[in-house]
Amino acid sequence: MDNILLVTRPKYDDGTEYLSAYAFDLLKKVKGQILTKDFEGEEANKENVEKYLKSKNPKLLFLNGHGNECEICGHKDKAIFSLTNVSLLKNRITYARACFSANILGKEAVKNNSGCFIGYVYPFSFWMGGERSATPLKDKVAGMFLNPSNEIVFSLLKGETAKKANEKSKQMMISNMKEILAMEQKNEPGATGMLQILWDNYEGQVVLGNENAYF
Amino acid sequence: MTEKNGKISDDIKELVIARLEVMPSSYKLSIGSEGTFTTIQLIEHVRAEDHIGNQIARMQLNFIKALTTGKLIETLNKNG
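Protein chains in written order, with the working numbering: chain A, 2 to 216; chain B, 139 to 218.
In isolation and in its complexed conformation, chain A is listed as follows (with noise of 0.2 Å):
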């Protein structure tokens, strides 16, 4: 297993292209630190990703894209992980954000090995700030959610614990919540409404597997 970063970015709907512009964000921050590969847009499909898990042998992954119980997305709502391949997660530490993941492909691919998944049982949902949609970095109110979830793969790449690296996302979302709920103490709108799906992504993102696995 080698220390490299592979990511995948489709982007081809609102959800996607914010996805992939937190990701693409943090490849620019670690650049130069780890190796990297950056599947993006089309390039984020089955046969690139599996040519090379089984040609570079990539310790981490950070999969973005749509998401159902049994599969992982790329490009177009094609699947990139399902339970035909999900061997190939097998003894790697992976971090899929997107829906659901985690309740039946995430629990498949920690079987029986000494790998990672971090995941959701629920949706990840974000609000988006209407006017920052060409700009997702821009977009704070996005952020509140997304930046707490890029944590997860700042942590691993610092050498943390898969749990360790859980648990400074979640300390992360807790702040944003505090941020928020101060807002709400302001009358300002939509606090309440921007609490409720950071909580439901907070008790959604969970460590199946090896909680101990570090990169």
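Treat the hints as calculated values from the structure; they're not laboratory data. There's no promise every hint is true.
Stretch by stretch, here's where chain A covers chain B in the computed footprint (C-beta under 8 Å, at least three residues) [unchecked claim]: (1) 158-171; (2) 191-200; (3) 203-214.
DSS-like mimics (lysine-lysine), calculated; alpha carbons at most 30 Å apart, straight line [as the list claims (entries may be wrong)]: (4) Lys141/A to Lys216/B; (5) Lys32/A to Lys209/B; (6) Lys164/A to Lys47/A.
In this text, a Cβ means the ideal position worked out from N, Cα and C, and glycines have one as well.
Following the hints, put chain B in place on chain A, whose structure we already have.
Just chain B, lined up with the frame of chain A:
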């Protein structure tokens, strides 16, 4: 709070809609592969009691449960 057949009860539906109505109209909610929705669209889904509407209701009920059981406050306090 929901009826036995899994449908959202009318009082919950009104509560969910009331909360959505105070969201800024420019905000949009991304719910994974379901798509991205304005608050007006979300309200329509809740009224229709479809899959997306039920998902929104579940999120709100989950949050209300965390509030009423003290789990939210406990979490916020536990972590300083």
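To see whether the hints hold, each was checked on the structure:
{"no.": "1", "hint": "158-171", "result": "holds (count 13)"}
{"no.": "2", "hint": "191-200", "result": "holds (count 4)"}
{"no.": "3", "hint": "203-214", "result": "holds (count 4)"}
{"no.": "4", "hint": "Lys141/A to Lys216/B", "result": "holds, 26 Å"}
{"no.": "5", "hint": "Lys32/A to Lys209/B", "result": "violated, 39 Å"}
{"no.": "6", "hint": "Lys164/A to Lys47/A", "result": "holds, 28 Å"}
The earlier numbered hint that this structure contradicts is number 5, and it is the only one.
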